[in-house]
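Each chain, written out:
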Amino acid sequence: MDDYFSSEEEEEYCSDRDALDGLENDDPDYDWVPPKGPSTKVITKESLLCAQRGDLRRVMELLSLREHHARTLLIHHRWDVEKLLAVLVERGKACLFANAGVPLTEDQDLSLPRHSTSTVMCDICMEDIPGQITTRMDCSHCYCNDCWTEHFVVKINEGQSKRIKCMAHKCNAICDEAIVRDLVRRRHPDLANKFDRFLLESYIEDNKMVKWCPSTPHCGNAIRIEEDECCEVECSCGLQFCFSCLSEPHSPCSCLMWELWSKKCRDESETVNWITVHTKPCPKCHKPVEKNGGCNLVSCICGQAFCWLCGGATGRDHTWSNIAGHSCGRYKEDQEQKSERAKRDLYRYMHYHNRYKAHLDSFKLENKLRETIQEKVSVSEEKESALRDFTWVTNGLYRLFRSRRVLLYSYPFAFYMFGEELFTDEMTDEQREIKQHLFEDQQQQLEANVERLSKFLEEPFDEYDEKKVMDVRMHVINLSVVTDTLCRKMYECIETDLLGCLALGTHNIAPYKSKGIERAAALNAKADESDKYLPLDFGKAGASELDRPSGSGSLDDSGRPTKRARTEGLVGALIDLNVPAGGY
Amino acid sequence: MIDFGRVQKELQECSKDSQASGIKVSPKADNLARLVGTIPGPIGTPYEGGTFQIDITLPDAYPFQPPKMQFATKVWHPNISSQSGAICLDILKDQWSPALTLKTALLSIQALLSAPEPDDPQDAVVAQQYLKDYQTFVGTARYWTETFAKTSALGVEEKVQRLVEMGFLESLVRSTLDAVGGDENLALEKLCSA
Ligand SMILES: [Zn+2]
Ligand SMILES: [Zn+2]
Ligand SMILES: [Zn+2]
Ligand SMILES: [Zn+2]
Ligand SMILES: [Zn+2]
Ligand SMILES: [Zn+2]
Ligand SMILES: [Zn+2]
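From first to last, the protein sequence lines stand for chains A and B.
Start counting the first sequence at 1; every next residue gets the next number (the UniProt record's numbering).
Start counting the second sequence at 1; every next residue gets the next number (the UniProt record's numbering).
These are computed hints drawn from the structure, not numbers from a lab.
Quick caveat, the model's predicted, so the values are computed rather than measured.
Certain hints may be false.
To be verified - Listed next, the in silico DSBU-like pairs over lysine-lysine satisfying Cα-Cα at most 30 Å (straight line):
1. B:K68 to A:K170
2. A:K170 to B:K16
3. B:K159 to A:K165
4. A:K162 to B:K150
5. A:K170 to B:K190
6. A:K194 to B:K68
7. A:K165 to B:K190
8. A:K208 to A:K368
9. A:K170 to B:K103
10. B:K132 to B:K9
11. B:K9 to A:K170
12. A:K264 to A:K467
13. B:K103 to B:K132
14. A:K263 to A:K435
15. A:K165 to B:K103
16. A:K513 to A:K263
17. A:K162 to A:K208
With the hints as constraints, model all of the structure from the sequences given.
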């Protein structure tokens, strides 16, 4: 285990931004540039339009459609262009259009005027209406503007902006968004803004590859991933989360394991369980009575004696095997077994939880180490010494965070992997035992090395002489490489020998990344041409609340550092996306 | 706000050909938001000869939201609750269109009486019977029609008199009969539950 030094590996750590972030949080010039662009992208209020436009344009060009029809098709297919094209190839244009509510004849509006010139009877309000205040949709149904407006208002308020159908009975056509916007704005400008927001946000709400950042208060961003849904991401606001379940990153736990574990930790059922294992209510006064010693005859402070096995009141005389005048027969066995089992389950849970909790505490403490270590580095740098480069400290610290995290989540993982709750039928007891040994071996090795790394990083190297500093440096670098390797090996074991062998369950985990969770890159929002294609009028939409801080550079509940949302390239008036409109 | 202009027009339209269609709609009170619809049981069905009353409540956004309708007359039908009179019909839910009217909705309900859809039941018990024991179903439906949906030949005064003899206040009897459109059974039910 001791031949692990490699200078290549060391260089890799120069880009470890997490450790640096903690130290250079207030440095406005600091900006981490990834070596190769991350595939995950942050969609901000500004870039949302741009992200949408890319997909819209593709469909508009391929099918020579107007924008609102392209949008209707895309919303219908959850913004999955590939799927949309597959339907087009397999089932034809007519079917594709009909299912989504897009009229086949695009040129209809050229032959028929939007507004009729003569008087028209509106079938909705049943009045004769001058033609110029009526509107004809692409499906050729024509009603008065007042009725259309009222219809749109009701639908938008019902949260159906994305697919407002024509008013005619059994007409499946989706109303032209430009007409909706225009008519609604005349009477309810606020609602027209809401409508625009709904349409824009459809790109996020209805899109499998895009999700809102779950930060609270909401940073206003969404994250778009490229391929694998099972990954952990970091928003530009600093929040890291699991893309599949939106909770904190929890690999190597699967989402289900993590959900179960969090619930288990929250529930007090375990405590309740403890009480049922260790106490029994007195049959007379009903106070819980604890058993002391092996004797099954217990007595309450009220003076009542009772049988521990069945809880029944008894006299006071007993021998080793029975209580005078009392027999509880078969029930005794069942009860004993039940309580034995509950006890065993509880001990098992406590075993894993204690270790999980210990690593969680260390993780929080080590986060404080960031500050003290920065001081030590500054002190050391002041010194007249040949040692000027202290990147090994921040690299080591970052490695410590990474490995501690893996270790932390490996306990709930093991709890479910080798427990009876999820995989009872997946392996025999023998197989389970072998696998558990294999895994625990690796876990223990990792644990030992993480603790050593932690210990060396805590040393007061700023007070040491050069030789001693070199010694600490050596250990930190070596241990960094070792823990990284061990983490990778543990993931290999999990992915191939444990989860990979499952026949039934699908437990996907975010893969191990030596460099940690990649921060999503900004999606380039260029203001070019957008107005030409998107006739959205954002003039009245409220300017954003972007400057609102999301956390203030301190630790949040879970010990994760939070950072101030970066404000980047704000141009023009923006639509306020801070409150996702999705709840409607 | 309810488009009362349109509701007025609907009522006029409806009364014009109510002789032919047998479909009537009349306001319950004077605010036009609560109405009573009447449909004759379709000929050739167990509902033939019955007159069915339907409570109608108009939502604020009518006609842009569907009217709420439920049977006031007890009826034995797979898509109508034998308990509450609730109706399972798509056009009263998400398939509503502002271009539909109270009359077209009532016509659809009448069509539903002729052609039940037991696969999308409102009343599971009735639907089961309809599918497994059609003869019994027809018998029960006919019996319910006879019992609850036949307008008695008796005049209003006789109904009043009989209800008063049961021990109810005359003024209350009259207003209750009014509210349920003259249906003696319904009036009795209301008086008993009040
Ligand atoms: Zn109109
Ligand atoms: Zn239409
Ligand atoms: Zn965020
Ligand atoms: Zn997850
Ligand atoms: Zn006691
Ligand atoms: Zn004893
Ligand atoms: Zn006992």
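Here's how the hints hold up against the structure:
Taking the CA atoms of K68 (chain B) and K170 (chain A), the gap is about 20 Å. The hint holds against a cut of 30 Å. For the given pair, K170 (chain A) sits about 26 Å from K16 (chain B) by alpha-carbon distance, which is consistent with the 30 Å threshold. Between K159 (chain B) and K165 (chain A), the direct Cα distance comes to roughly 49 Å. Violation of the 30 Å bound is thereby established for this hinted pair. For the proposed pair K162 (chain A) and K150 (chain B), the alpha carbon gap of about 48 Å is over 30 Å, so the pair is violated.
At roughly 39 Å between alpha-carbon atoms, K170 (chain A) and K190 (chain B) are farther apart than 30 Å, so this suggested pair is violated. Our distance criterion of 30 Å between C-alpha atoms is met by K194 (chain A) and K68 (chain B), whose separation comes to about 28 Å. Taking the CA atoms of K165 (chain A) and K190 (chain B), the gap is near 41 Å; set against the 30 Å cutoff, the hint is violated. Simply put, K208 (chain A) and K368 (chain A) have alpha-carbon atoms about 38 Å apart, too far for the 30 Å limit, and the pair is violated.
A C-alpha spacing of about 17 Å is found between K170 (chain A) and K103 (chain B), which places the hinted pair at or below 30 Å, so the restraint holds. A hinted pair counts as satisfied when its Cα atoms are at most 30 Å apart, and K132 (chain B) with K9 (chain B) does not qualify at roughly 45 Å. Straight-line distance between C-alpha atoms of K9 (chain B) and K170 (chain A) comes to about 23 Å, which keeps the hinted pair within the 30 Å bound. Note on K264 (chain A) and K467 (chain A): the hinted pairing is violated, with a Cα-Cα distance of about 50 Å set against a maximum of 30 Å.
With a C-alpha separation of about 33 Å, the suggested pair K103 (chain B) and K132 (chain B) falls outside the 30 Å cut-off, and the hint is violated. For the given pair, K263 (chain A) sits about 26 Å from K435 (chain A) by alpha-carbon distance, which is consistent with the 30 Å threshold. Annotation: proposed proximity of K165 (chain A) to K103 (chain B) holds, straight-line Cα distance about 22 Å (limit 30 Å). A threshold of 30 Å between alpha carbons decides the hint, and for K513 (chain A) with K263 (chain A) the separation of about 27 Å falls inside it, so the pair holds.
Straight-line distance between C-alpha atoms of K162 (chain A) and K208 (chain A) comes to about 16 Å, which keeps the hinted pair within the 30 Å bound.
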